[in-house]
Amino acid sequence: MLMSVGSLAAMGLALGSVLGVASRYLSVEADPIEAELLAMLPGSQCGQCGYVGCGQAAAALAKGEAPVTLCPPGGKATVEALAAKLGVKVDLSQVVDSGPQIAEVTEEICVGCCRCIKVCPTDAIIGAAKQIHNVIREACTGCSSCIDVCPTEALAMMPIPVTLQHWTWPKPASAQH
Amino acid sequence: MGFLDRFLKTPNWGVHPEDHKRPAADVPLRLFPSPERIFMPLHQHVGGAARPIVMVGQKVLKGQLIAQAQGNISAPIHASVSGTISAVGEVTAPHPSGLPFKAITIDSDGENRWIDSEPLADPFSAAPEEITKRTAAAGVVGLGGATFPAAPKFALGKRLKVTTLIVNGGECEPYLSSDDRIMRDYPEMVIDGARLVMHAIGATQALVGIENNKPEAIAAMRQAAAAFPEIKICPLPALYPMGSDRQLIKVLTGIEVPSDARAAETGVLVHNVSTCAAVHKAIRLGQPLVERIITINGGAIAAPGNLYAPLGTMISDLFAFVGLKEAPSRLILGGPMMGTPLLHDRIPIVKGASGILAFNAAEAFVPEAGPCIRCGNCTKACPMGLLPLEMAARIRVGDLEGAEKFELQDCISCGCCAYVCPSHIPLVQYFSHAKGELTAAERSKLRTEATKRLVEAKTARIEREEREKLEAAARRKAERDAAKAAAAKAATPVAEQTQGASA
Numbered sequence: 024m025l026m027s028v029g030s031l032a033a034m035g036l037a038l039g040s041v042l043g044v045a046s047r048y049l050s051v052e053a054d055p056i057e058a059e060l061l062a063m064l065p066g067s068q069c070g071q072c073g074y075v076g077c078g079q080a081a082a083a084l085a086k087g088e089a090p091v092t093l094c095p096p097g098g099k100a101t102v103e104a105l106a107a108k109l110g111v112k113v114d115l116s117q118v119v120d121s122g123p124q125i126a127e128v129t130e131e132i133c134v135g136c137c138r139c140i141k142v143c144p145t146d147a148i149i150g151a152a153k154q155i156h157n158v159i160r161e162a163c164t165g166c167s168s169c170i171d172v173c174p175t176e177a178l179a180m181m182p183i184p185v186t187l188q189h190w191t192w193p194k195p196a197s198a199q200h
Numbered sequence: 010m011g012f013l014d015r016f017l018k019t020p021n022w023g024v025h026p027e028d029h030k031r032p033a034a035d036v037p038l039r040l041f042p043s044p045e046r047i048f049m050p051l052h053q054h055v056g057g058a059a060r061p062i063v064m065v066g067q068k069v070l071k072g073q074l075i076a077q078a079q080g081n082i083s084a085p086i087h088a089s090v091s092g093t094i095s096a097v098g099e100v101t102a103p104h105p106s107g108l109p110f111k112a113i114t115i116d117s118d119g120e121n122r123w124i125d126s127e128p129l130a131d132p133f134s135a136a137p138e139e140i141t142k143r144t145a146a147a148g149v150v151g152l153g154g155a156t157f158p159a160a161p162k163f164a165l166g167k168r169l170k171v172t173t174l175i176v177n178g179g180e181c182e183p184y185l186s187s188d189d190r191i192m193r194d195y196p197e198m199v200i201d202g203a204r205l206v207m208h209a210i211g212a213t214q215a216l217v218g219i220e221n222n223k224p225e226a227i228a229a230m231r232q233a234a235a236a237f238p239e240i241k242i243c244p245l246p247a248l249y250p251m252g253s254d255r256q257l258i259k260v261l262t263g264i265e266v267p268s269d270a271r272a273a274e275t276g277v278l279v280h281n282v283s284t285c286a287a288v289h290k291a292i293r294l295g296q297p298l299v300e301r302i303i304t305i306n307g308g309a310i311a312a313p314g315n316l317y318a319p320l321g322t323m324i325s326d327l328f329a330f331v332g333l334k335e336a337p338s339r340l341i342l343g344g345p346m347m348g349t350p351l352l353h354d355r356i357p358i359v360k361g362a363s364g365i366l367a368f369n370a371a372e373a374f375v376p377e378a379g380p381c382i383r384c385g386n387c388t389k390a391c392p393m394g395l396l397p398l399e400m401a402a403r404i405r406v407g408d409l410e411g412a413e414k415f416e417l418q419d420c421i422s423c424g425c426c427a428y429v430c431p432s433h434i435p436l437v438q439y440f441s442h443a444k445g446e447l448t449a450a451e452r453s454k455l456r457t458e459a460t461k462r463l464v465e466a467k468t469a470r471i472e473r474e475e476r477e478k479l480e481a482a483a484r485r486k487a488e489r490d491a492a493k494a495a496a497a498k499a500a501t502p503v504a505e506q507t508q509g510a511s512a
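Protein sequences appear in the order of chains W and H.
Numbering of the first sequence is given in our numbering, commencing with residue 24 and proceeding in unit increments.
Numbering of the second sequence is given in our numbering, commencing with residue 10 and proceeding in unit increments.
Subject to a maximum C-alpha distance of 27 Å in a straight line, what follows is the list of computed DSS-like cross-link-like pairs (lysine-lysine):
{"hint": "1", "chain 1": "H", "residue 1": "Lys467", "chain 2": "W", "residue 2": "Lys141"}
{"hint": "2", "chain 1": "H", "residue 1": "Lys454", "chain 2": "W", "residue 2": "Lys112"}
{"hint": "3", "chain 1": "H", "residue 1": "Lys461", "chain 2": "W", "residue 2": "Lys141"}
{"hint": "4", "chain 1": "H", "residue 1": "Lys414", "chain 2": "W", "residue 2": "Lys99"}
{"hint": "5", "chain 1": "H", "residue 1": "Lys444", "chain 2": "H", "residue 2": "Lys461"}
{"hint": "6", "chain 1": "W", "residue 1": "Lys99", "chain 2": "H", "residue 2": "Lys467"}
{"hint": "7", "chain 1": "H", "residue 1": "Lys467", "chain 2": "W", "residue 2": "Lys153"}
{"hint": "8", "chain 1": "W", "residue 1": "Lys86", "chain 2": "W", "residue 2": "Lys112"}
{"hint": "9", "chain 1": "W", "residue 1": "Lys86", "chain 2": "H", "residue 2": "Lys454"}
{"hint": "10", "chain 1": "W", "residue 1": "Lys108", "chain 2": "W", "residue 2": "Lys194"}
{"hint": "11", "chain 1": "H", "residue 1": "Lys167", "chain 2": "H", "residue 2": "Lys241"}
{"hint": "12", "chain 1": "W", "residue 1": "Lys194", "chain 2": "W", "residue 2": "Lys112"}
{"hint": "13", "chain 1": "H", "residue 1": "Lys414", "chain 2": "H", "residue 2": "Lys389"}
{"hint": "14", "chain 1": "W", "residue 1": "Lys153", "chain 2": "H", "residue 2": "Lys478"}
None of these hints come from the bench; they were simulated from the model.
Given the sequences, and given the hints that come with them, work out the whole structure.
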């Protein structure tokens, strides 16, 4: 009895100290820049950049494997923030800000299957089984995750129309040359 | 230097553009006959658009409420003619983009029948809040061009204990003379309106600033204000942009409004002369804001002058009334310095429309922009004390944050810098572009943050649902077990009894 307790305690102590030493010497340091980059990304894990999620994209950015223009939903502002953080020069005029787009349901075709609701990262689609679904415009981030899962192609990405409130003056033509 | 400036009372900013106000300002005010059809936009003010409360086919009287204010900063819209609502649709906005916005179309019955009004009998013995309430209900907004709803401004003035009301009769923009006309033709309305505003905000004195290029207006206003010692008429040097509130406050009171503060926080509140007249009409006559004086001027106009027209009238109808000498080369809503370029004339006039300018080819000519020679004229002209050349140089290469460091947000887009620029650089467009882009960037940042919150909310929801599912399953299992145990318990004594019996 005493023997077994003693030997188990000794083994625990020994293995514990090995683990302790290993965590000190063999630790993998999380890149602090990665965390900062991750904070700049939208975090909707939509995968449009080609990576599994925003964390992987941030890791690739930190290693310099991905261009700062990788995030379509982030738009120009994200590109600028990433470029500033990484100290990269980026020609913003080349960034095709295809303009903000959001998903829209064609109500005549929607069968109410609920598949899009499950994949939406921001819960921007409302509806229930056999009920027509709809997109909450303010909550949709334009990640287009829902487009692929729709069995009837009732979902499509539509550019957000420019309104009086969102219109901005273009840069003067004389600034171009 | 600042001391010397105050002593000499000559501001060290601004420009002296050719004013082109006469002969249009001297032509007597003409009444525009009621148009056949008007298009009443729902968004004629700063803040939330009004919400329509009428149906197509409904008969309305002049002055009847057709759209309610929505939100804290908003203004209601009233019918400007009597007739039938024929559509609630879209019309081109008076905006440089040429984009549409919502408007209610009314087919006039030609009778111009007013709705029954209930004027306030003795406004000065009424509570100040009553004035504010009625001003809000009448849809009065700042008519100088900013179109900020008047009532929230009154409430702000009352809350911040404003002592001085400044009545803005500067009208420093060239070509425009609608404020000049209202001061010449209806000075008692303006003065009474100013007294009502003073009552509403609790101010003890009013300073009426009028540029000295309008001697007739100064004389008329002096006569009307003679009986009221608390109202002082102050002639001002004719200098652009004297009609801008911060500049007017500085010249009249010597107070410089800090960059991050509102005028009311320094104890003064500015209201335009036309706004005061509109307040007078709202309180004394019970009439909402449905008409205004509008200047029609420019080289392409056959008979320039001021018209008294219902809001929502198409600009093309106004042009048909005054006649066109030639097809206008450029159309501007407002003045040439700060006005809005319009793409065509099928656009209705709105509450903030002080004038419509139709320029001929010579007036519309814009020389080609050259490179900046760093002469520094723009810095001398800038009434806000900014460095337009530095800001433009940064915006040109896309360094908007750099421009922001030069206090871009303080720019009032008055156009003095572009006016004096010998290289004809469109400086104001640079600044408007940069301000728009910065606002858009700010918006997308907020959006990204909102997305993060939504994603977190979804993750939390999924986790909660999983947990609840597990808990529910555990509960069911426990219930099942309990039921089983109970069943077993109930069954056992019976079994024992039967066993006992058999034994």
